[in-house]
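With the hints as extra help, turn the sequences into a complete structure.
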Amino acid sequence: MKSDAMKSECARPAAPAAAPRAFIRVYVWEAPVRLFHWANVACLLTLGATGYLIGSPPAFLTSGDASSGYWFGTVRFVHFLAAYLFVAVMMLRLYWAFAGNKYARWRNFLPLTRQQARDAVQVAKVELLQVSNESLEPMGHNVVAYFTYAGTFLLALFSIVSGFALYAATSQSWFPHLFIRIIPWFGSEYTLRAWHHAALWLFALFVLIHVYLCIYEDYVDGRGAISSMIGGWKFVPRDVAASPQAQGLSGGGRRRRSRAATGGQQPPTAP
Amino acid sequence: MPALLESPVVPTIYEQMQSRGVNRRDFLKFCAWMSAYLGLQESGIAQIARAIETRRRLPVVWMHFQECTCCSESFLRSSHPIVADILLDKLSLDYTETLQAAAGQQAEEVLQDTIKRYRGEYVMLVEGSIPIGADGAYCVVGGKSAIDSVREVAAGAKAIIAWGNCACAGCVQSANPNPTQAMPVKAIIKDKPIIHVQGCPPIAEVMAGVLVHLLTFDRLPQLDALGRPKVFYSARVHDTCYRRPNFDAGLFVETFDDANAKKGYCLYKMGCRGPTTYNACGSLKWNNGTSFPIQSGHPCLGCSEAGFWDNGPFYRRLTNVPGFGIESTADRLGVTALGATAVALAAHAAVTRVRKRDTIGEQPGENAEAAEASRPTPPDGPANPEI
Chain A
37 MKSDAMKSEC
47 ARPAAPAAAP
57 RAFIRVYVWE
67 APVRLFHWAN
77 VACLLTLGAT
87 GYLIGSPPAF
97 LTSGDASSGY
107 WFGTVRFVHF
117 LAAYLFVAVM
127 MLRLYWAFAG
137 NKYARWRNFL
147 PLTRQQARDA
157 VQVAKVELLQ
167 VSNESLEPMG
177 HNVVAYFTYA
187 GTFLLALFSI
197 VSGFALYAAT
207 SQSWFPHLFI
217 RIIPWFGSEY
227 TLRAWHHAAL
237 WLFALFVLIH
247 VYLCIYEDYV
257 DGRGAISSMI
267 GGWKFVPRDV
277 AASPQAQGLS
287 GGGRRRRSRA
297 ATGGQQPPTA
307 P
Chain B
590 MPALLESPVV
600 PTIYEQMQSR
610 GVNRRDFLKF
620 CAWMSAYLGL
630 QESGIAQIAR
640 AIETRRRLPV
650 VWMHFQECTC
660 CSESFLRSSH
670 PIVADILLDK
680 LSLDYTETLQ
690 AAAGQQAEEV
700 LQDTIKRYRG
710 EYVMLVEGSI
720 PIGADGAYCV
730 VGGKSAIDSV
740 REVAAGAKAI
750 IAWGNCACAG
760 CVQSANPNPT
770 QAMPVKAIIK
780 DKPIIHVQGC
790 PPIAEVMAGV
800 LVHLLTFDRL
810 PQLDALGRPK
820 VFYSARVHDT
830 CYRRPNFDAG
840 LFVETFDDAN
850 AKKGYCLYKM
860 GCRGPTTYNA
870 CGSLKWNNGT
880 SFPIQSGHPC
890 LGCSEAGFWD
900 NGPFYRRLTN
910 VPGFGIESTA
920 DRLGVTALGA
930 TAVALAAHAA
940 VTRVRKRDTI
950 GEQPGENAEA
960 AEASRPTPPD
970 GPANPEI
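Those protein sequences? They're chains A and B, same order as listed.
Oh and the first sequence: position 35 is 71 in this note's numbering, straight run, nothing missing.
Oh and the second sequence: position 233 is 822 in this note's numbering, straight run, nothing missing.
What the hints contain is simulated information worked out from the structure, not anything from laboratory work.
Glycine included, each C-beta is placed from N, C-alpha and C at the ideal position.
Accuracy of the hints is not assured; some may be wrong.
Said to hold, decoys possible - Selected chain B positions facing chain A (Cβ under 10 angstroms, derived; list incomplete):
no., residue
1, 706
2, 758
3, 813
4, 837
5, 840
6, 855
7, 864
8, 865
9, 867
10, 900
11, 904
12, 927
13, 930
14, 941
15, 949
16, 954
See the structure below:
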């Protein structure tokens, strides 16, 4: 049957194949997703840098009159401005989670199905433990990446809520005052500030791992992961794109292919 | 309360003040001071004057539990001398361990008498935290544990004023590991309005102002999310600090003995908690408006915020993170975590190079030159006209 045909096409022989695997270009990341990503990069870098400066101001000026400078005030202003942009960027992404294509959909980010759990285990085996070479080849992100981004969204939410709660004292605007109710949960503003500060380091950790894994994926999988952030196109093996399983939740990710020269058996696919 | 206030037998507060030799001029000066502290408009002076002229004494029970009495001490040092006079002598404290002449049996009788006679009318002032560990054995007054006393007295109180950080948030007694399980009043009493007059101690004028507000308007002052009177606690010390321009200009004291400290730069980097502390120190100041910690060159400790003892060390911006040893700030942990992660990623990259060598680089059939060579020659021209 059709699936059998797929299987035989897909399970590559141990001997070096004569013909290279055919890839097609697929448009995965729509413009709003890419805009979100790079605006997010700009916001996070700005917020991280200014936030760190606010936490530990260097001695740029060591003497002078207060009337002669305002650099620290400017740093804080930039931080607050970037925070508003950050909220806007997050709102855009949240909207696109409902309006975008299926790779951008909200469902991907939530652990909803048993298949996602199985895929997560497989991702860990292939990419982290490297005990298997049966790579999932999702069109979008792999499940672990989606879940990590969901966690990062929560971190962003915490940073926004805590940051604006701290900012409310110096603002007449209604928006920051939406969040001041969380201060008593933390006991005092000082404690909340410490948590807000800790979030910076979690973001830094995320960025480090995220950038590494992008390079890793681009290098090891060779499907244009990095360039897809700019143009939106990824490269997908023709057989994966054509497989019926590619119509799944996060697209494509149901099919495994053995990329090792030793070959591998076809694991069960999702019903 | 009205029945008590309008009772002809008890003289008004003003009458009592007159009998003590306070003249009209001093009385009005006091009213003007108080309306200024409360942030009232000019007509507020008349309102306060009228209230003090017409109202009878407000029955007050001042309970002391786990505390150092610094709230009482602060109160006694209120800047206008007659504040303490009227509030202590005339407003009438029916019961307060520190100042009452009565002792022992007599004192307990007064307390019982007051809470029975003025049930639902008296105001309960609490100074100190309430330990609930060991069935309250850590704080027993007159044979009764603090937790029993506070429940008994609060039951008939019209309102509660929690004086100072102990009664508001547990202060040093509740600092980690809190051996006596010291609790603030709000943890014990849930069904009464509580005014939290924060600080360690609160500013004397703030204490007096809250009492005068109760007396004048016969209702609670406007409170913030943490139950503190907004009039005194809506601004951060940072916002009213006279050193604030140095903060915005990025001029900081780097060490306590540097030239910047002499110049009076911002104490932010010395751990000043002003940016997260809500209090009136910057505007009212202390000791007859003489000074406040930052003016004396010392960073704010944040004594009007919950848990400030556990947010140490006081002279650094970032608190230690519990469970990670001494000197473990979020920054230090963050840098360590980043470094460890970088090492782990480098190891992962190295393992990847070995384990995934079959998929990295040129794969069978992917040779670029071979692909070029095998390109079919177009019928009309050379294979690669552009080269």
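- Task: Could you tell me which of the numbered hints above are not met by this structure, giving the numbers in increasing order?
- Result: Hints 1 and 11 are the ones this structure does not satisfy, whereas the remaining hints hold.
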